[in-house]
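Peer 1: The listed protein sequences derive, respectively, from chains A and B. Residue numbering for the first sequence follows this note's numbering, beginning at 1127 and increasing consecutively. Residue numbering for the second sequence follows this note's numbering, beginning at 1127 and increasing consecutively.
In case anyone wonders, no lab produced these hints; they're calculated from the structure. Treat the hints with caution; some may be incorrect.
Since the list gives no way to pick one copy over another, a pair counts as held whenever it fits inside one copy or between any two copies.
Mimicking BS3-like on lysine-lysine, the simulated pairs with C-alpha atoms at most 30 Å apart in a straight line are [to be verified]:
hint, residue 1, residue 2
1, 1337, 1153
2, 1163, 1153
3, 1163, 1337
4, 1278, 1153
There are 2 protein chains.
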Amino acid sequence: MQVMENLVRTTVGMSTNIVWHECSIGKLERQNLLMQKGCVIWITGFSGSGKSTLASMLNRQLHCRGHVSYVLDGDNLRHGLNKDLSFKAEDRAENICRVAKLFADAGVICTASLISPYRRDRDACRALVPDSMFIEVFMDVPLKVCEERDPKGLYKLARAGKIKGFTGIDDPYEPPMDCEIVIQLKDGKYQTPKAMAEQVVTYLEENGYLKA
Amino acid sequence: MQVMENLVRTTVGMSTNIVWHECSIGKLERQNLLMQKGCVIWITGFSGSGKSTLASMLNRQLHCRGHVSYVLDGDNLRHGLNKDLSFKAEDRAENICRVAKLFADAGVICTASLISPYRRDRDACRALVPDSMFIEVFMDVPLKVCEERDPKGLYKLARAGKIKGFTGIDDPYEPPMDCEIVIQLKDGKYQTPKAMAEQVVTYLEENGYLKA
């Protein structure tokens, strides 16, 4: 399929000289080199639900198994990718998804963790990424639990009216209806980062993203 | 150095819980896994100077040697990264550079080929990327030669006034004054793509970007 696509692109490129100069090494070749299938792992959930913790531990576990992975994190991207650029707010998630898609195309397992509260925005991201390369992970942690944890003190600020439009307080969160992975509490408590990451790694293994 | 930085970030992370959750696997660890040093190879030059051709062949040569590389190309990015987003024109090169920087941070040898005619814009990109991770490649091909080749027919359109602000015709190109690599004509003719790519690979080898 990819090879076919490349052939088509190459033909287009030769006839018009306009696009897809780089088609000679395609996604499949990169997958074979890296022994893994690039994909976008999109972690969504309330602030304080453990998105960044999961992303970090997942990255570590994949790295230790010799896989090439990278984390695009709301916290660190704020200091880089989207800083100072002329973005509309609603384009931010989409821009991150476009970048994640490029990483996946490059063969990297790319994790993006963003609250991404609206279903339509997450679906728009999914639609950008080719079939089966988008893996949505829902941190299914009740608001109450996240607010009790409040690791950044943001819920306190939001309740005091010092942050407006805060997800869960004065802005809605729409949980996924049909996502690939749901991370849940165990006996009402957060799972360990290791256990959460293993759940995702198992999914990747069982669905052919990781080769030996 | 990187380890130090990570330690600092980790400390910051633990005390405030705000940033750099992902520091546990850093740039150095990724370099060791991939046996290469991620970097941004920024190819600049007139339309028709061979930027995309070089990028494509370089990507192929690196891949065949087992290196992880990726091309961000003005032609393909136009269909993806910057499409429909609320970008000011002057932010485009910078956004591509930020993405390339993320790839380099992930350990990938990331080639970006853009006309990028203004010195201040290229310098701004260089300033975004940590020391020695930005390699500027100048396609030193005279305008006359590029216009004779005119592979996309764009010079013809620009001369006819159908494209405005076209680099070399009614918009300036400022050649680099001190870049890492200069690709020149040989006996007044384009070098082969293979020869051009080998010049860059040799630079990467001699400067420690590629390990065996």
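Peer 1: Work down the list of hints and note, for each, if the structure agrees.
Peer 2: Results of checking the hints against the structure:
1. 1337 with 1153: The answer is both: 15 Å in one copy and 23 Å across copies each meet 30 Å.
2. 1163 with 1153: both (9 Å within a copy, 21 Å between copies)
3. 1163 with 1337: both (8 Å within a copy, 24 Å between copies)
4. 1278 with 1153: The answer is between: 26 Å across copies meets 30 Å, while 39 Å in one copy does not.
Hint check: no violations occur; every hint is consistent with the structure.
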